[in-house]
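Trainee: One-letter residues, chain by chain:
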Amino acid sequence: MRTKSLWPLGFSIFVAILWSPALCWARVTSAENALTKSRISPVSTNSGSACLVGSQNETTLSDRLTRRGRSTEAVDFLAQFQNSRSQRQLPTQVASVESPENCEPDVRYSPSVPPPVVRTLIATASALAPQRFVRRQCIQRAMMRLPNVGGVDYYDCETDSSNPRELRRLPCITTEMVAYTHFTVNEAINCLSQPGSPIDAQLLFRKINNESAFAGFIRNQNGTGIGQLVSFGAREMGPGGRGHNFLMERMQRRGRACDRFTSLASRELDLTSPNAQGERSVRTCQLVGMGNGMARNMIYSIGLFLYYREAMPHNAEQLLREAGLGDHPDFLRMRDLLTMVAYSREGPQGMRLVMRQLRSRLSPRMSLRAFQAMVEGQVPYLVETQRRFQDVFGQNDVDCTESARRL
Amino acid sequence: MPKILVVLAVVCGVLIARSASGEPKPSTNRASATNVSPDAATESKNSRQARSVVEKAIEALPLAASESARWQRLDLLEQELRKLFEAEPEEQTIGTDQEPSAAQIFFTFEEVFAATREPGFRDSPQQRREICEGLSTRIAFPLRSTRPDSREVTITWHEARAQQVARIICGKFPTQAAPKK
Chain A
847 MRTKSLWPLG FSIFVAILWS PALCWARVTS AENALTKSRI SPVSTNSGSA CLVGSQNETT
907 LSDRLTRRGR STEAVDFLAQ FQNSRSQRQL PTQVASVESP ENCEPDVRYS PSVPPPVVRT
967 LIATASALAP QRFVRRQCIQ RAMMRLPNVG GVDYYDCETD SSNPRELRRL PCITTEMVAY
1027 THFTVNEAIN CLSQPGSPID AQLLFRKINN ESAFAGFIRN QNGTGIGQLV SFGAREMGPG
1087 GRGHNFLMER MQRRGRACDR FTSLASRELD LTSPNAQGER SVRTCQLVGM GNGMARNMIY
1147 SIGLFLYYRE AMPHNAEQLL REAGLGDHPD FLRMRDLLTM VAYSREGPQG MRLVMRQLRS
1207 RLSPRMSLRA FQAMVEGQVP YLVETQRRFQ DVFGQNDVDC TESARRL
Chain B
15 MPKILVVLAV VCGVLIARSA SGEPKPSTNR ASATNVSPDA ATESKNSRQA RSVVEKAIEA
75 LPLAASESAR WQRLDLLEQE LRKLFEAEPE EQTIGTDQEP SAAQIFFTFE EVFAATREPG
135 FRDSPQQRRE ICEGLSTRIA FPLRSTRPDS REVTITWHEA RAQQVARIIC GKFPTQAAPK
195 K
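Going down the list, the protein sequences come from chains A and B. So for the first sequence, this note's numbering puts the first residue at 847; every next one is plus one. So for the second sequence, this note's numbering puts the first residue at 15; every next one is plus one.
Simulated from the structure, these hints should not be mistaken for lab results.
Restraint-style ranges between C-beta atoms, simulated for each label pair:
| id | chain 1 | residue 1 | chain 2 | residue 2 | range |
| --- | --- | --- | --- | --- | --- |
| 1 | B | 112 | A | 1179 | 31 to 39 Å |
| 2 | A | 1086 | B | 77 | 33 to 41 Å |
| 3 | A | 1226 | B | 83 | 36 to 44 Å |
Listing some non-contacts, in silico: residues in chain A with all C-beta distances to chain B over 10 Å:
| id | residue |
| --- | --- |
| 4 | 1015 |
| 5 | 1114 |
| 6 | 1241 |
For each residue, glycine too, the CB sits at the ideal point set by N, CA and C.
Generate the whole structure from the sequences, applying the supplied hints.
Mentor: Shown next as structure tokens:
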């Protein structure tokens, strides 16, 4: 009798799982179409590598990536890239398309499955699900919008202790630069993700696309490098900062996966002498350039995001639990969404303000979409992030994640 | 026809009498007509009081006779701001840059209050200097707009005032000019 009563439930889960590849296939096709629609015509340079975008005469940055045999401490992350398979597996066709593989069963909105079962399924799935990574093609597409990003300066750094040299034009962006960026971003994701505490690669793509269009060599008044870190954020994650111990503990737990970042993340930050207002900044080349700068920037940026999400006083996780949303089936996504609020005008305390403002309207039964709409209504940064994504892909909801790193 | 006129006259008479006696018309919502709900009134009171408390503290802190008197004044500011923030209706938490809510003011000043509770801050000038370094940036974090290509950096009322208080308690402490009211 008991077995019979569970039969419809089992059947509906089975159907949902059976259907999800078909839904996934549809999503994959749409994503592929979106990516193939604008095939990029490479521009040849004198040195032989092709400029996807940028000045053909400004090849300082791309040359740094192709010059081999430089494995001094200052450029050690770059040397690791040069020795990795990533460098040897550059796509032969510019903007070639690989199939996205986001084919996870989606049973959340199947009306016949009781919520407690869904909750258990989702919790188990997220604990067991392998970490996903950012697709190279998406990074390339994001970098293609660099000519339209105004108000930024471009820098070249020989090492992370040298003085930055300003470049007058948008440098030539090559497939090697895309590959190095892809390598750095996904190595950082791999280092900092943990079972049960994943990093949403799609959200990270959207965020970095909004912040810097994946250009690890830019700086403006709002921030520096690929994650547009400000000195405050870098110092929070650097030695002596409030988030440093959290970052190092997390890295230690991942062991060898973080080997490439350990010395970078634990090295003392070199600060400028105080300016007229007495403020000291982190020297630019530690966060900028085709080498350690980009790697440090990435590990600190993701680390800061996780610190706001899980560790700082009044972090996103804690605030959601206090609001009774701790058992929500979409808790992980809500947590990431709320963490994004920390990058808005009010800073990390913006998360507290938004949650307090919305408290009376929040309910454990609300949908993720309703939660998202409420938060977006309060925080222009989230809307801006979406708009930048549309600048790259139009109205298509492209999946920019892949299941395994192709390194 | 005369009957209709009589009915109309009676209705008009009743309406005129009711409006003369000050009784609200059934279809009119007083709150929306004046655009001030009871909650909004409370919010504006809390927010206004919080701003006034801060302004008074900024005047009083430099005049404190001793360091201990200054810390007492600062502790009092924290208590007052906390009380106003806690009494503020939750749905009125987010104000504007120039008219922030009590919650916004309190959260921003928390950075200053927390710094003064760090070990050694109140006793050792050396420790204080170290803690104060970077405090200005922390108060006004993030000094960045939502647009990566925007160079315009604005500072809010509460950030400017928190920096002012930090400058007073830290000694020679950097601050940006407070925006004019």
